[in-house]
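**Q** Listed below are the residues making up each chain.
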Amino acid sequence: ETGVTQSPTHLIKTRGQQVTLRCSSQSGHNTVSWYQQALGQGPQFIFQYYREEENGRGNFPPRFSGLQFPNYSSELNVNALELDDSALYLCASSLSAGSYEQYFGPGTRLTVT
Amino acid sequence: AQTVTQSQPEMSVQEAETVTLSCTYDTSESDYYLFWYKQPPSRQMILVIRQEAYKQQNATENRFSVNFQKAAKSFSLKISDSQLGDAAMYFCAYRIKAAGNKLTFGGGTRVLVKP
Chain A
1464 ETGVTQSPTH LIKTRGQQVT LRCSSQSGHN TVSWYQQALG QGPQFIFQYY REEENGRGNF
1524 PPRFSGLQFP NYSSELNVNA LELDDSALYL CASSLSAGSY EQYFGPGTRL TVT
Chain B
21 AQTVTQSQPE MSVQEAETVT LSCTYDTSES DYYLFWYKQP PSRQMILVIR QEAYKQQNAT
81 ENRFSVNFQK AAKSFSLKIS DSQLGDAAMY FCAYRIKAAG NKLTFGGGTR VLVKP
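Protein chains in written order, with this note's numbering: chain A, 1464 to 1576; chain B, 21 to 135.
Any given hint could be a false lead.
Unchecked claim - As a list, the in silico SDA-like pairs of lysine to any residue whose alpha-carbon atoms are at most 25 Å apart:
{"hint": "1", "chain 1": "B", "residue 1": "Lys75", "chain 2": "A", "residue 2": "Glu1564"}
{"hint": "2", "chain 1": "B", "residue 1": "Lys122", "chain 2": "A", "residue 2": "Asp1547"}
{"hint": "3", "chain 1": "B", "residue 1": "Lys122", "chain 2": "A", "residue 2": "Thr1468"}
{"hint": "4", "chain 1": "B", "residue 1": "Lys122", "chain 2": "A", "residue 2": "Tyr1513"}
{"hint": "5", "chain 1": "B", "residue 1": "Lys122", "chain 2": "A", "residue 2": "Phe1510"}
{"hint": "6", "chain 1": "B", "residue 1": "Lys98", "chain 2": "A", "residue 2": "Tyr1563"}
{"hint": "7", "chain 1": "B", "residue 1": "Lys122", "chain 2": "A", "residue 2": "Asn1493"}
{"hint": "8", "chain 1": "B", "residue 1": "Lys117", "chain 2": "A", "residue 2": "Tyr1563"}
{"hint": "9", "chain 1": "B", "residue 1": "Lys122", "chain 2": "A", "residue 2": "Gly1503"}
{"hint": "10", "chain 1": "B", "residue 1": "Lys122", "chain 2": "A", "residue 2": "Asn1540"}
{"hint": "11", "chain 1": "B", "residue 1": "Lys122", "chain 2": "A", "residue 2": "Arg1526"}
{"hint": "12", "chain 1": "B", "residue 1": "Lys122", "chain 2": "A", "residue 2": "Phe1523"}
{"hint": "13", "chain 1": "A", "residue 1": "Lys1476", "chain 2": "A", "residue 2": "Ala1543"}
{"hint": "14", "chain 1": "B", "residue 1": "Lys122", "chain 2": "A", "residue 2": "Gly1491"}
{"hint": "15", "chain 1": "B", "residue 1": "Lys75", "chain 2": "A", "residue 2": "Tyr1563"}
{"hint": "16", "chain 1": "B", "residue 1": "Lys122", "chain 2": "A", "residue 2": "Ser1549"}
{"hint": "17", "chain 1": "B", "residue 1": "Lys75", "chain 2": "A", "residue 2": "Ser1562"}
{"hint": "18", "chain 1": "B", "residue 1": "Lys117", "chain 2": "A", "residue 2": "Arg1520"}
{"hint": "19", "chain 1": "B", "residue 1": "Lys117", "chain 2": "A", "residue 2": "His1492"}
{"hint": "20", "chain 1": "B", "residue 1": "Lys117", "chain 2": "A", "residue 2": "Phe1523"}
{"hint": "21", "chain 1": "B", "residue 1": "Lys117", "chain 2": "A", "residue 2": "Gly1561"}
{"hint": "22", "chain 1": "B", "residue 1": "Lys93", "chain 2": "A", "residue 2": "Ser1562"}
{"hint": "23", "chain 1": "B", "residue 1": "Lys122", "chain 2": "A", "residue 2": "Asn1522"}
{"hint": "24", "chain 1": "B", "residue 1": "Lys122", "chain 2": "A", "residue 2": "Thr1483"}
{"hint": "25", "chain 1": "B", "residue 1": "Lys98", "chain 2": "A", "residue 2": "Tyr1566"}
{"hint": "26", "chain 1": "B", "residue 1": "Lys122", "chain 2": "A", "residue 2": "Pro1524"}
Stated by the list, open to error - FRET-style restraints, in silico, Cβ to Cβ:
{"hint": "27", "chain 1": "B", "residue 1": "Lys90", "chain 2": "A", "residue 2": "Lys1476", "range": "43 to 53 Å"}
{"hint": "28", "chain 1": "B", "residue 1": "Thr38", "chain 2": "A", "residue 2": "Gly1466", "range": "23 to 33 Å"}
{"hint": "29", "chain 1": "B", "residue 1": "Lys90", "chain 2": "A", "residue 2": "Ile1475", "range": "43 to 53 Å"}
{"hint": "30", "chain 1": "B", "residue 1": "Pro61", "chain 2": "A", "residue 2": "Leu1546", "range": "18 to 28 Å"}
{"hint": "31", "chain 1": "A", "residue 1": "Lys1476", "chain 2": "B", "residue 2": "Arg130", "range": "22 to 32 Å"}
{"hint": "32", "chain 1": "A", "residue 1": "Glu1515", "chain 2": "B", "residue 2": "Ala36", "range": "45 to 55 Å"}
{"hint": "33", "chain 1": "A", "residue 1": "Glu1517", "chain 2": "B", "residue 2": "Lys117", "range": "11 to 21 Å"}
{"hint": "34", "chain 1": "B", "residue 1": "Arg83", "chain 2": "A", "residue 2": "Thr1483", "range": "39 to 49 Å"}
No wet-lab data here; the hints were simulated from the structure. Everything numeric in this text was worked out from a predicted model, so none of it was measured. For each residue, glycine too, the CB sits at the ideal point set by N, CA and C.
Let the sequences and hints guide you as you build the complete structure.
**A** Right, here's the structure in full:
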């Protein structure tokens, strides 16, 4: 059974650009959540996808968007990058939307210059 | 607003000794889960222990135990017989059962283990 994987590991972008981060869920998991973790802080919930539909969103602007595919892998897209978007982006998968246990990936470190 | 507060930015413990990390939270909900996660330098969040709010008995997982005080909205983590591998950031978090898998995290406590 493979764990949650994310790609790329590190990424450097320029302000105003767009970025796509990818997450491969643990086998059999149909729910994925994305979190933003700024340096020295706890993660903040961005949104959750359950069976390809967004079904929960945190306090993030619409330029943060996502997709979940039929194989339950997922993407996080961020448009019009700002310097404050520099952070570690974590995805977490779970068996279902009501599961108490989530399995986190190692994250993607995004730096916006 | 629902918040989680970890008042200790950093805690140091001697190997084989015990350390307690504090966490308080604020929610108007009655049905929720509480968690402690460990984040080592590898960055991957690892679940240490969880507690269901309706259970009065404190959860225990090997060397890790919690002191859950629901009325005080307090959820501390005790690490016994500390090991070098316990060195990491520790995050307290909660999840409201009706809110899907959304976790609300505290700011974290760094645990240093001295040999």
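**Q** State for each hint whether it applies.
**A** Comparing the hints with the structure gives:
1. Lys75(B) <-> Glu1564(A): holds (17 Å)
2. Lys122(B) <-> Asp1547(A): The given pair, whose Cα atoms are some 22 Å apart, holds under the 25 Å limit.
3. Lys122(B) <-> Thr1468(A): Holds: Lys122(B) and Thr1468(A) sit about 20 Å apart, inside 25 Å.
4. Lys122(B) <-> Tyr1513(A): holds (12 Å)
5. Lys122(B) <-> Phe1510(A): Since the Cα atoms of Lys122(B) and Phe1510(A) sit roughly 8 Å apart, the hinted pair holds (cutoff 25 Å).
6. Lys98(B) <-> Tyr1563(A): Roughly 21 Å separates the two Cα atoms, so the pair holds.
7. Lys122(B) <-> Asn1493(A): With a Cα-Cα distance of about 15 Å, the restraint between Lys122(B) and Asn1493(A) holds, given a limit of 25 Å.
8. Lys117(B) <-> Tyr1563(A): Judged against 25 Å, a Cα distance of about 8 Å means the pair holds.
9. Lys122(B) <-> Gly1503(A): With Cα atoms ~20 Å apart, Lys122(B) and Gly1503(A) stay inside 25 Å; holds.
10. Lys122(B) <-> Asn1540(A): holds (19 Å)
11. Lys122(B) <-> Arg1526(A): Holds, at roughly 20 Å.
12. Lys122(B) <-> Phe1523(A): Holds, because 14 Å separates the two Cα atoms, which is no more than 25 Å.
13. Lys1476(A) <-> Ala1543(A): Holds: Lys1476(A) and Ala1543(A) sit about 11 Å apart, inside 25 Å.
14. Lys122(B) <-> Gly1491(A): With a Cα-Cα distance of about 20 Å, the restraint between Lys122(B) and Gly1491(A) holds, given a limit of 25 Å.
15. Lys75(B) <-> Tyr1563(A): Within the cut-off at roughly 15 Å; holds.
16. Lys122(B) <-> Ser1549(A): Given that 25 Å is the threshold and the Cα spacing comes to 22 Å, the pair holds.
17. Lys75(B) <-> Ser1562(A): Holds: Lys75(B) and Ser1562(A) sit about 17 Å apart, inside 25 Å.
18. Lys117(B) <-> Arg1520(A): holds (15 Å)
19. Lys117(B) <-> His1492(A): holds (18 Å)
20. Lys117(B) <-> Phe1523(A): holds (22 Å)
21. Lys117(B) <-> Gly1561(A): holds (7 Å)
22. Lys93(B) <-> Ser1562(A): holds (23 Å)
23. Lys122(B) <-> Asn1522(A): Distance ~12 Å between Lys122(B) and Asn1522(A) Cα, so the pair holds.
24. Lys122(B) <-> Thr1483(A): holds (22 Å)
25. Lys98(B) <-> Tyr1566(A): holds (23 Å)
26. Lys122(B) <-> Pro1524(A): With a Cα-Cα distance of about 17 Å, the restraint between Lys122(B) and Pro1524(A) holds, given a limit of 25 Å.
27. Lys90(B) <-> Lys1476(A): 43 to 53 Å: holds (44 Å)
28. Thr38(B) <-> Gly1466(A): 23 to 33 Å: holds (31 Å)
29. Lys90(B) <-> Ile1475(A): 43 to 53 Å: holds (45 Å)
30. Pro61(B) <-> Leu1546(A): 18 to 28 Å: The hinted range 18 to 28 Å holds for Pro61(B) and Leu1546(A), with Cβ atoms some 25 Å apart.
31. Lys1476(A) <-> Arg130(B): 22 to 32 Å: Holds - the Cβ-Cβ distance for Lys1476(A) and Arg130(B), about 29 Å, lies within 22 to 32 Å.
32. Glu1515(A) <-> Ala36(B): 45 to 55 Å: Between Glu1515(A) and Ala36(B), where Cβ atoms are some 49 Å apart, the hint holds.
33. Glu1517(A) <-> Lys117(B): 11 to 21 Å: holds (20 Å)
34. Arg83(B) <-> Thr1483(A): 39 to 49 Å: holds (41 Å)
Violated hints: none; the structure is consistent with every hint.
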